[in-house]
Amino acid sequence: QSNVTVYGIVDANYTYNSGGDRHFAGVDSGGISGSRLGFRGSEELGNGLKAIFTLEYGLKVDTNTGVASARQQFVGLQSNRWGTVMAGYVYSPADDFNSDYDGLSNSGLLSARSNMLNDGGFSTKTDDTFQNAVGYISPEFGGVTLRAVVGKGEQTVSPRETKLALGAEYKAGPFKAAILHHDVDNIGGTLPKRDLSETVLGAAYDFKVAMLMATYASKKLTDRDRDNTWSVGARVPVGNGSVRLSYAKLDMSADNGNKDASGWTVAYFHDLSKRTTLYTGYHALNNASLANYDHEQVKGLTAGDNARLFTVGMRHRF
Amino acid sequence: QSNVTVYGIVDANYTYNSGGDRHFAGVDSGGISGSRLGFRGSEELGNGLKAIFTLEYGLKVDTNTGVASARQQFVGLQSNRWGTVMAGYVYSPADDFNSDYDGLSNSGLLSARSNMLNDGGFSTKTDDTFQNAVGYISPEFGGVTLRAVVGKGEQTVSPRETKLALGAEYKAGPFKAAILHHDVDNIGGTLPKRDLSETVLGAAYDFKVAMLMATYASKKLTDRDRDNTWSVGARVPVGNGSVRLSYAKLDMSADNGNKDASGWTVAYFHDLSKRTTLYTGYHALNNASLANYDHEQVKGLTAGDNARLFTVGMRHRF
Amino acid sequence: QSNVTVYGIVDANYTYNSGGDRHFAGVDSGGISGSRLGFRGSEELGNGLKAIFTLEYGLKVDTNTGVASARQQFVGLQSNRWGTVMAGYVYSPADDFNSDYDGLSNSGLLSARSNMLNDGGFSTKTDDTFQNAVGYISPEFGGVTLRAVVGKGEQTVSPRETKLALGAEYKAGPFKAAILHHDVDNIGGTLPKRDLSETVLGAAYDFKVAMLMATYASKKLTDRDRDNTWSVGARVPVGNGSVRLSYAKLDMSADNGNKDASGWTVAYFHDLSKRTTLYTGYHALNNASLANYDHEQVKGLTAGDNARLFTVGMRHRF
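First to last, the protein sequences are chains A, B and C. Going by our numbering, the first sequence opens with residue 1, and the numbers climb by one from there. Going by our numbering, the second sequence opens with residue 1001, and the numbers climb by one from there. Going by our numbering, the third sequence opens with residue 2001, and the numbers climb by one from there.
Worth flagging that the hints you see were computed from the coordinates, not collected in a lab. Treat the hints with care, since some could be wrong.
Short derived list, chain B residues pointing at chain A, Cβ under 7 Å [to be verified]: (1) G1041; (2) Y1057; (3) Q1073; (4) V1075; (5) Y1089; (6) T1156.
All of these numbers come straight from a predicted model, not from anything done at the bench. We put the beta carbon where it would ideally sit given N, CA and C, even for glycine.
Input sequences plus hints: build the corresponding full structure.
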């Protein structure tokens, strides 16, 4: 048993969700963190070298769905001196970026930033784990950590999809900043060939009374104009918890900006312990005149309709 | 590792099963308990409050099926004083009721009661876990425990299915009794609107030389007459095990009672240890003239045909 | 937690694979061992008797696939005196045979023997775990161990598929030899009735400077002539690892031997520890004039085309 740690998160909430004249209320899985079950371990190999592995699966705890879908699966080697290399189904550096530079820590339910990136089809949100992948994380030197992941599509004939993610992060005391790039060649392995290039920037400063953060994301597809998203966020410690704020704006080039949207969130996370958090939050999504982005369970909005969401929930880590 | 307990049941049997002129013999999963793999834990939060979680998956150990289907998944808070509240994919109180007031402990393979409820489509048997659910279990006061679960269908437009389960149990020394109610509004979320109302009663008395139990279930669908099931059961300690008896009768209103059926079971559970049990049993299912309920692997019976089943098996808990 | 051991293997590799004018390069799961996650335990019942269980699932760690497919699932009793009996989804003795008498230990990626058996449709390779099965493993007496597994198809009407596997192994110091037989009645439960009879022989001798092994497999289907496969293999300890060699020949009766094929492999396994191995290998598959067996990701070869494969990877056991 000493070779493996069983860990996970069970997060469930009760959410009221409206959009246009539709609404939905019910229990959902994964409010501030995706519910998951994982198995991980490491083995000392000597000379500062370790073998490591992670097998982590996503759960929908409000349903009868089993352990059917992986979040990440890899085996690798970790060296104090040379960094970490891993192979399998590997997180792009976007996954950590999305959590660390977001006032709502990448909550799919509540984060305005997460929802704007999702609505705009930004791969750093929608495709933050690569199949058939090799990843590398450098040691920290002078506050800088570098990361790279290369993944391949499942196609066995040309054109074959190739994905590259590169990330760099700098930390100095209360300040941190990161840059992240996704490059997808031959999206989906289909013809005509389409490529994607996406760059994300983030910065955060911990003023102790509040941690403030801002991000900018810019995406270019071969046959489309450039789309952008920017966001600001804050985490304000209050008692045994924190107030969480997020604002994000999606600037779509299509239809003269009439497919733009914006969102904002205010939430409170109350920590019953280091492992257990109660949370509540309100999220507003505002669509431009030709946009009908929806959110969570309410689908099929009329263009220009807005969506609102209120949630209370509990997250337990084990 | 201290945060999570891995537990489960592996139950497999060899069963001979006949119906009309058909028969089947082979290995099956889950004779007296469903095979399962689970992960659970609790965290002390102080003041008599705990965070709790359970992630439990059903297994078919005679096949190559993986951990694909959940039995229950929830996160919750448990207070000595206020009881337990949980959210996720939550057992109706019917699940415990079915085990505790049945001579065969809700064995899908052997229990006459379980089979009659299943054949009659009683939701307290066929739908004893609710999706999108919130559940509550009261503390015991004066021998009484109350339970409630509310679940919602996955429909995002009206009419949306809503399920309510309410249960009360009273225990006093060797005696216990329980009442349970299921109320389903807008079954399946389809039109025309159909509702279900179902009530179950049970009582048991432990005479030491034998525990005797009886149950009654009554179900009313909007567009059908009332159907009823009743059962009696016994558990008789013998050596390192127990003789298990079950008789149940299904009274269907349809076709002037010619879709009725009854069943009886005699079985012996032999405990090799607290965790490991060998079992054998015989179950008979008798169909009325227009009924063709089948059981286990033998399907497609002619109306009025009877079914028989003999099994030997092993259950191991871990 | 003392009742269950969580164990597994995470094996991932980077493989370059060509066939005819096609090629493929990428990360794959399970180079020298199939990636897996398992749960097993045993309970002492006294008098040399144990209850045992194994729940083991196959993983594709380069994808987002979850714990969806079982490798083996069983519960059983193990007696020092009488042997082991188990029921569930049970390995034929072929599974151990394939590992123990193969220079590449049954690696689906690298073993020439494994690939020839697979290409020729030998059930001892392609169907080495039986559903609805009961298995028996004798104690060792005079160096001899006997095994038997009987499994059934899922058909509920005649003709129903029945599978029987019988195996015997003899060990004496550095020498071991085994014989294995598969007998399938009513393949797939379809008409016209087809049966399969397959026998495999293997022998190995550990000369310390090298372990050498050889196998022979012979298969007869009702409506086909007899097909054969033979193989030789070697494991040569070198430093903290071993050189692994495998050659195999498939003799198909169809088309006057023009559907034959052969393969050879040279590989090196380097053990970073008892649990962690780096490996690299080269495998060549040569098709006869009318044969187009493919291997791994490169599909759709022209008859007579050959396939090649080069891999580097890592296996970690936990």
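Do the hints match the structure? See the list:
About 5 Å separates the beta-carbon of G1041/B from the nearest beta-carbon of chain A, less than 7 Å, and the hint is met. Checking Y1057/B against chain A: minimum C-beta separation of about 5 Å stays under 7 Å; hint holds. With a least beta-carbon distance of about 4 Å to chain A, the hint placing Q1073/B at the interface is held under the 7 Å criterion. Taking 7 Å as the C-beta cut-off, the interface hint given for V1075/B holds, the closest approach to chain A being about 4 Å.
Satisfaction of the interface hint for Y1089/B is found here, the shortest Cβ-Cβ separation to chain A being roughly 6 Å, below the 7 Å cut-off. A distance limit of 7 Å between C-beta atoms decides the matter here; for T1156/B the minimum to chain A is near 5 Å, and the interface restraint holds.
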